[in-house]
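Participant: Sequence:
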Amino acid sequence: MGVKYIFLDIDGTLVGKNAAIPESAKTAIRKARENGHKVFIGSGRSRCEMHEGILDIELDGIVGSAGAYVEVDGKVIYHQPMTEKMNAELLNYFEMKHMNIMIETNDELLVNKNAMKAINEYIHYCNAHGEAYDKGLFDLARPLEDIAEPEKLLINKILYVNSSYDNDKIRRDLQDKFTVVQSSIGLMGNSGEISELGMNKGNGIRIVTEYFGANMEDTIAVGDGENDMEMLKTAHIGIAMGNAEQMLKDIADYVTTDVDKDGIMNAFVHYGLI
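Here the sequence shown is numbered in this note's numbering, starting from 3 and rising by one per residue.
These are computed hints drawn from the structure, not numbers from a lab.
Glycine included, every Cβ here is placed at the ideal spot set by N, Cα and C.
Warning: the hint list may mix true and false statements.
[What the hints assert, rightly or not] Derived BS3-like pairs (lysine-lysine); straight-line CA-CA distance at most 30 angstroms: (1) Lys263 - Lys137; (2) Lys40 - Lys137; (3) Lys115 - Lys154; (4) Lys137 - Lys179; (5) Lys171 - Lys99; (6) Lys19 - Lys137; (7) Lys137 - Lys77; (8) Lys263 - Lys33; (9) Lys19 - Lys179; (10) Lys179 - Lys154; (11) Lys28 - Lys137; (12) Lys99 - Lys33; (13) Lys33 - Lys19; (14) Lys99 - Lys119; (15) Lys87 - Lys171; (16) Lys235 - Lys33; (17) Lys179 - Lys33; (18) Lys99 - Lys154.
[Said to hold, decoys possible] Here are the simulated distance ranges between beta carbons: (19) Arg144 - Val271: 38 to 48 angstroms; (20) Gln184 - His131: 22 to 32 angstroms; (21) Asp178 - Gly38: 16 to 26 angstroms; (22) Val271 - Asp175: 37 to 47 angstroms; (23) Met249 - Ala143: 24 to 34 angstroms; (24) Gly38 - Pro145: 21 to 31 angstroms; (25) Asn129 - Val5: 40 to 50 angstroms; (26) Pro145 - Met249: 27 to 37 angstroms; (27) Met249 - Leu199: 34 to 44 angstroms; (28) Glu91 - Thr29: 42 to 52 angstroms; (29) Asp175 - Ile59: 16 to 26 angstroms; (30) Gln184 - Arg208: 32 to 42 angstroms.
Build out the structure end to end from the sequences listed, making use of the hints.
Facilitator: Below is the structure:
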């Protein structure tokens, strides 16, 4: 078997409900790389949100911010933030509706007052019920109000969280100018992510394969949510986790087991990667 280029989503794919990577997934990745394959993150998370708890295993690179950021062997080979005009339009839209938002750049996670309240409520809920949450992620949150001109930031993506507006309404409002998908971020209530129109993880896969001079026939993608749709469609082999949304299972070439039931390991074994 030749070299395969494998792209793994994080939340719900590489990381389970306990906010940790299963040992079987770590073993599968290590063995696949030992066999000469290259393994990448393919996530909606921004670079700063991939903290040590996520990147405590050796990888060959990162597709982050739903395709807007690509890193190979520690080197940034692509970064496409939204324009100032796009940022201003989105910020005005969410401000007019008093919605909770989180702004992602490569270096910061900025949240407005309402979103900070939602985060604190979620953390309190998890602590009160003995449920795990991604402390490393939410510790990054900083007040958006401290930024004088947020529209001038190099924003990769904006998330709305715990919103009284439903996803379909927001999609109808914004889909002509932006990519709008559901988010897998761990917060109670509705959540979604907004990025540049046409930006998706499939874009990142194409950039990586071009960088290595590889063929798309050698790509494999694994995911669980709506923001993985284009990644699975772009890769030659698309794998859905057992815990994936039905829409993803419907287009997948193979459905593995749940993230916490050795899903990554079983997928790698199925395709002879290890």
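Participant: Determine for every hint whether it applies to the structure shown.
Facilitator: Here is how each hint holds up against the structure:
For the hint linking Lys263 to Lys137, the alpha-carbon distance of about 23 angstroms falls within 30 angstroms, and the restraint holds. Annotation: proposed proximity of Lys40 to Lys137 holds, straight-line Cα distance about 29 angstroms (limit 30 angstroms). For the suggested pair Lys115 and Lys154, the alpha carbons sit about 20 angstroms apart, so the restraint of at most 30 angstroms is met. Proximity of Lys137 to Lys179 is assessed by CA-CA distance (about 33 angstroms); at most 30 angstroms being required, the pair is judged violated.
Note on Lys171 and Lys99: the hinted pairing holds, with a Cα-Cα distance of about 12 angstroms set against a maximum of 30 angstroms. With a CA separation close to 13 angstroms, the supplied pair Lys19 and Lys137 stays within the 30 angstroms bound. Taking the CA atoms of Lys137 and Lys77, the gap is near 27 angstroms; set against the 30 angstroms cutoff, the hint holds. For the hint linking Lys263 to Lys33, the alpha-carbon distance of about 18 angstroms falls within 30 angstroms, and the restraint holds.
A C-alpha spacing of about 33 angstroms is found between Lys19 and Lys179, which places the hinted pair above 30 angstroms, so the restraint is violated. Of the pairs offered as hints, the one joining Lys179 and Lys154 holds, with about 19 angstroms between alpha carbons and a cut-off of 30 angstroms not exceeded. Using a Cα cut-off of 30 angstroms, the hinted pair Lys28 and Lys137 holds, with the two alpha carbons roughly 20 angstroms apart. For the hint linking Lys99 to Lys33, the alpha-carbon distance of about 49 angstroms lies beyond 30 angstroms, and the restraint is violated.
For the hint pairing Lys33 with Lys19, the CA-to-CA distance comes to about 24 angstroms; that is within 30 angstroms, so the pair holds. Note on Lys99 and Lys119: the hinted pairing holds, with a Cα-Cα distance of about 16 angstroms set against a maximum of 30 angstroms. Simply put, Lys87 and Lys171 have alpha-carbon atoms about 22 angstroms apart, close enough for the 30 angstroms limit, and the pair holds. Distance check on the hinted pair: Lys235 and Lys33 sit about 26 angstroms apart at the alpha-carbon level, within 30 angstroms; holds.
A hinted pair counts as satisfied when its Cα atoms are at most 30 angstroms apart, and Lys179 with Lys33 does not qualify at roughly 42 angstroms. A distance of roughly 21 angstroms separates the Cα atoms of Lys99 and Lys154; the hinted pair therefore holds under the 30 angstroms criterion. Evaluation of the 38 to 48 angstroms hint for Arg144 and Val271 yields a pass: the beta carbon distance comes to about 42 angstroms. In this structure the hint that Gln184 and His131 lie 22 to 32 angstroms apart at CB holds, the actual value being about 24 angstroms.
At about 44 angstroms, the beta-carbon gap between Asp178 and Gly38 misses the expected band of 16 to 26 angstroms. At about 44 angstroms, the CB distance of Val271 to Asp175 agrees with the hint of 37 to 47 angstroms. Taking the beta carbon of each, Met249 and Ala143 are about 30 angstroms apart, inside 24 to 34 angstroms as hinted. Between Gly38 and Pro145 the C-beta distance comes to about 46 angstroms, which lies outside the given range of 21 to 31 angstroms.
Between Asn129 and Val5, the C-beta spacing of about 44 angstroms keeps the proposed range 40 to 50 angstroms intact. Remark: the range hint 27 to 37 angstroms for Pro145 to Met249 is upheld by a beta-carbon distance near 35 angstroms. One distance hint, 34 to 44 angstroms for the beta-carbon pair Met249 and Leu199, is violated here, with the actual separation near 20 angstroms. One distance hint, 42 to 52 angstroms for the beta-carbon pair Glu91 and Thr29, holds here, with the actual separation near 45 angstroms.
At about 39 angstroms, the CB distance of Asp175 to Ile59 disagrees with the hint of 16 to 26 angstroms. Checked against the given bound of 32 to 42 angstroms, the beta carbons of Gln184 and Arg208, roughly 23 angstroms apart, lie outside it.
The structure fails to meet hints 4, 9, 12, 17, 21, 24, 27, 29 and 30 from the earlier list, while all remaining hints are met.
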